[in-house]
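Visitor: For reference, the chains in residue letters:
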Amino acid sequence: MGYPRLVAGREIDVVVPTGRHGLPADIVSEHQRARIVAATIAVVGAEGYRAATVDQIVKAAKVGYVAFYELFEGKEDCFAAAFERIVSDTRAELAERVSTELPWAEQIGEGLRVLVELIVAEPERARLALVEAQGAGREAYRRYEEAMDEAVPKLAEGRALRAKGAPELSVATEEATTTGVAWILQQMLAEGESGSPTETLRAATRVALAPYLGEAAAAKVAAKLKAR
Amino acid sequence: MSAATRAALMEAMLELVIERGYEATSVSDVAELAGVAAADFDACFASKEECAIAVFDHFQADFEEKVRGAYAREPTWPDNLRAASYAIARWARENPRGMKFGTVEMMWVSEAAQARRVAGFETFLGMIEAGRAVAPDPDAIPADTAGRLMGSMAEILTRRIQGKSFDPEGFVPELMALIVGAYLGEEAGARELAIPPPPRVEQG
Chain Y
11 MGYPRLVAGR EIDVVVPTGR HGLPADIVSE HQRARIVAAT IAVVGAEGYR
61 AATVDQIVKA AKVGYVAFYE LFEGKEDCFA AAFERIVSDT RAELAERVST
111 ELPWAEQIGE GLRVLVELIV AEPERARLAL VEAQGAGREA YRRYEEAMDE
161 AVPKLAEGRA LRAKGAPELS VATEEATTTG VAWILQQMLA EGESGSPTET
211 LRAATRVALA PYLGEAAAAK VAAKLKAR
Chain V
89 MSAATRAALM EAMLELVIER GYEATSVSDV AELAGVAAAD FDACFASKEE
139 CAIAVFDHFQ ADFEEKVRGA YAREPTWPDN LRAASYAIAR WARENPRGMK
189 FGTVEMMWVS EAAQARRVAG FETFLGMIEA GRAVAPDPDA IPADTAGRLM
239 GSMAEILTRR IQGKSFDPEG FVPELMALIV GAYLGEEAGA RELAIPPPPR
289 VEQG
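Respectively, the protein sequence lines represent chains Y and V.
Here this note's numbering is used: the first residue of the first sequence is 11, the next is one more, and so on.
Here this note's numbering is used: the first residue of the second sequence is 89, the next is one more, and so on.
Simulated from the structure, these hints should not be mistaken for lab results.
Being a predicted model, the structure only gives us computed values, none of them experimental.
Every residue gets a Cβ at the ideal spot worked out from N, C-alpha and C, and that includes glycine.
Incorrect hints may appear among the rest.
What the hints assert, rightly or not - Just some of the chain V residues that point at chain Y, by a computed CB distance under 8 Å:
1. Ile106
2. Glu107
3. Arg108
4. Glu111
5. His146
6. Met195
7. Leu266
8. Glu274
9. Glu275
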């Protein structure tokens, strides 16, 4: 996905030369910002939000304290930037890899496959967004909730597919799906290497589809899915 | 240090954390609001965290007693789970600050506090999983269903409690429909939506 993702986390080695280099100031600060965000993901992903310090982040980002505090107010602030970065990358990944031409149930399954594969590929990012965001204070929790809620309209499309005269659904159905899927994904993260991505993907898909398609049909769609 | 001082400090901690959050609450603020010297705080609690956890434990004991009691008074599932859910709702109505402190604020106190908060939610795992014994097809229900539902309920409650117009009793049928639906099927789940709340019993 090119430049923005490159600077966001993978290529921490893209170093802007220190000292006099004649690059425009806004480009330098954009680079530094990206390096700090990448370092925040690495440090918080490894240490947890509470244990992580600005000190560790500054060292990992190879920037000075002055540069850090010119760009961020503190740990909470750079955490928020890291969280937003991960959410916008995930949103872009979903838009790119899940075709809205697919039938609804397959869109949900494919979307979950993208999420599971991102967690496997980038557990530090996943830990920051799925686990640490809940313990990082009111503002971070609010952002976490908002990100979860982005899935609600897509899930609720399933309501139109229910048979006529099907029993009424709880108003909290979609919320139970997003929080339930988050729980399943958090379990996979906690299990680390021992967790099975494909099992996780199938469990999450069943939970997401069952309210609309019924258990049997949901299980059938889920059984076809595989996570790489 | 007297029990009264300890209680006053815990009350002040509760008040300030609800008002401005744990991070922004200092030991000296707590002592000042309680009307005692900072040294009295140190005599009662080893740290700000210890005081916050004491506040949680105080509420949790009463909360668990009420909820378990309600569950035990009904012989069958899901009637017992519904009774427990209404006990939670009633407790939340009577102790709004305690509910918010235990469900929301404890997340941000410390790792140890978060572990206690989660353990508090896990009180309900067995009450939820008891649905398997009366399910028409127990083997078809995934093994982690109770864990997932509990995780989900915990988060939904955490969200609702932070909202402006949370109606705990009004929300019970919605949550019951989700849990009962997962164990007994969607028809049974939908029936929960039509069951009215029990009449309010005035505690005397």
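Visitor: Measuring from the C-beta of Glu274/V to each C-beta in chain Y, is the shortest one below 8 Å?
Guide: 5 Å, holds
Visitor: Tell me if Glu107/V is really an interface residue toward chain Y, meaning its C-beta lies closer than 8 Å to one of theirs.
Guide: At about 13 Å, which exceeds the 8 Å cut-off, the nearest Cβ of chain Y leaves the hint on Glu107/V violated.
Visitor: Against chain Y, is Ile106/V within 8 Å by beta-carbon distance?
Guide: 12 Å, violated
Visitor: Would the stated hint for Arg108/V survive a check requiring a Cβ distance to chain Y of less than 8 Å?
Guide: 10 Å, violated
Visitor: Was the hint right that Met195/V lines chain Y, CB cutoff 8 Å?
Guide: 6 Å, holds
Visitor: Given Glu111/V was flagged as interface, is its beta-carbon under 8 Å from a beta-carbon of chain Y?
Guide: 7 Å, holds
Visitor: With 8 Å as the cut and Cβ atoms as the points, is His146/V at the interface with chain Y?
Guide: Hint on His146/V: violated, closest Cβ of chain Y at ~22 Å, above 8 Å.
Visitor: Would you settle whether the hint for Glu275/V is holds or violated, based on the nearest Cβ-Cβ distance to chain Y being less than 8 Å?
Guide: 5 Å, holds
Visitor: Holds or violated: Leu266/V as interface residue toward chain Y, Cβ cutoff 8 Å?
Guide: Holds: closest Cβ of chain Y sits about 5 Å from Leu266/V, inside 8 Å.
The structure shown violates the earlier hints numbered 1, 2, 3, 5.
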